Amino acid sequence: MNEKKESLTVIEVLQHSRHDWMNHIQLIKGFLSLGKIQEAERAIEQTVMQARQEAHVCSLPFPELAEMLVTFNWKKHLFRLDCEVVDRNIHIEAEEACLVQWLSFIFDALENGVEPYAENHLYLAIEEAEKGIRFFFEFSGIITEIEALNSQLEEALGASHVQRWKVHSYSAKEMQFEAII
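If you're matching positions, the sequence shown starts at 2 in the numbering used here and goes up one per residue.
Source of the hints: derived by calculation from the structure; they are not laboratory data. These figures come from a predicted structure and were not determined experimentally. Each hint can be trusted.
Label-pair restraints from in silico Cβ distances:
hint: 1; residue 1: Y118; residue 2: Q39; range: 30 to 36 Å
hint: 2; residue 1: K37; residue 2: E112; range: 33 to 39 Å
hint: 3; residue 1: N90; residue 2: R165; range: 19 to 25 Å
hint: 4; residue 1: H92; residue 2: M23; range: 35 to 41 Å
hint: 5; residue 1: I147; residue 2: E42; range: 37 to 43 Å
hint: 6; residue 1: E94; residue 2: E40; range: 43 to 49 Å
hint: 7; residue 1: E116; residue 2: E42; range: 29 to 35 Å
Each residue gets a CB set at the ideal place from its N, CA and C atoms; glycine is no exception.
Given the sequences, and given the hints that come with them, work out the whole structure.
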């Protein structure tokens, strides 16, 4: 993510979106052709939930942040990002550029600290807190540089715009932490 911000063209966005939808449809068709109705129904439900969450992310009052989160998996990264907006009515004012830069720093730290060919996954939950926005991170995969990663995350979590933060757990295979901005 140490790249300058690349704006996708409308055509590129449509191509990525169509590719994602075709993958979902092909998976469902595959289950149906094999007579695996329950798996097809599960894949449909998962696709619907994913589309709803993507819509919730797009409804955040931070369009640049929403774009970053929705298009994250369209680019090559060492972990997959799943994002959930827990509170759809976030009305907190925050400096969006600061949020995007802060999340980019965290994502870069993870990129630099995980096994390249492992099944790495980051779950990010966003919700309104009493006085700010709460970001909850849950990583699972293989962390190769645990001390360096922990140090970088503490630097990010200690940024001046972070009101409170807490590392819940971390090991070579998982990490949970949160911050209120």
